[in-house]
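Take the sequences, apply the hints, and build the full model.
Protein chains: 2
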Amino acid sequence: MRPVLMRELLGETLREQRVAQGRTLRDISGSARVSLGYLSEVERGQKEASSELLSAICAALDVPLSQVLADVSDRMALRENVTTLPVGAAVAYAA
Amino acid sequence: MRPVLMRELLGETLREQRVAQGRTLRDISGSARVSLGYLSEVERGQKEASSELLSAICAALDVPLSQVLADVSDRMALRENVTTLPVGAAVAYAA
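Quick note, the sequences are listed as chains Z and F, same order.
Just so we're aligned, residue 1181 is where the first sequence starts under my numbering, counting upward by one.
Just so we're aligned, residue 1181 is where the second sequence starts under my numbering, counting upward by one.
Among the clues, some could well be false.
It does not matter which identical chain is meant; a pair holds if it fits inside one copy or across any two.
[Said to hold, decoys possible] Taking lysine to any residue pairs in the SDA-like style, the calculated list, with each CA pair at most 25 Å apart, reads:
id, residue 1, residue 2
1, Lys1227, Pro1183
2, Lys1227, Leu1205
3, Lys1227, Arg1203
4, Lys1227, Gln1201
5, Lys1227, Ala1200
6, Lys1227, Glu1196
Calculated from the structure, these hints are not laboratory results.
If you want it as structure tokens, here you go:
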């Protein structure tokens, strides 16, 4: 199982925030001054967002960057547990 | 006051981890297969680390990436509070 990358979970988090707010790629890309295509690639985990761009996207979403990072950390922790749990652990959880 | 950038807090966090372990830039750069100069720039917040490089550095430090991100989130939250607290809030805290 390939380890998950930070940009993938960051993209997931940013997309979920945007969708939860009922906002479009066009809206956020305009506010954050990034091309719609690039923002879409960031959301899909295909491009790294620079720190400046990440700040601009969070500002456009009106979400503190600290909150986005905490969310990404939580998602990462879940994936790390999945890949490091000993065999049988899933059975124990399911029981 | 310029908003702090993610790469600056990430660099701080990675450097503190390395120093706390008593390890050298040479040691970590060797394990993570990144040049010593590049790692040093990442630690000083001058270069963005790709998600792949970030995973490699965390593996070299034997620290879960989720923990590093939680640490960066905490540092970011402190900075956000400093810049967003209303005037007088520091006085209230100090009282």
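To see whether the hints hold, each was checked on the structure:
In this homomeric assembly, Lys1227 and Pro1183 come within 25 Å of each other (Cα to Cα) both inside a single copy, at 17 Å, and across copies, at 23 Å. Proximity of Lys1227 to Leu1205 under the C-alpha cut-off of 25 Å is restricted to the intra-copy arrangement: shortest distance 15 Å within a copy versus 27 Å between copies. With identical chains, the CA atoms of Lys1227 and Arg1203 are at most 25 Å apart within one copy only, with a shortest distance of 21 Å there and 31 Å across copies. For the identical chains of this complex, Lys1227 and Gln1201 are intra-copy neighbours only, at 23 Å inside a copy versus 32 Å across copies, given an alpha-carbon limit of 25 Å.
In this assembly of identical chains, Lys1227 and Ala1200 lie within 25 Å of each other by CA distance solely inside one copy; the values are 22 Å within and 32 Å between copies. Proximity of Lys1227 to Glu1196 under the C-alpha cut-off of 25 Å is restricted to the intra-copy arrangement: shortest distance 17 Å within a copy versus 28 Å between copies.
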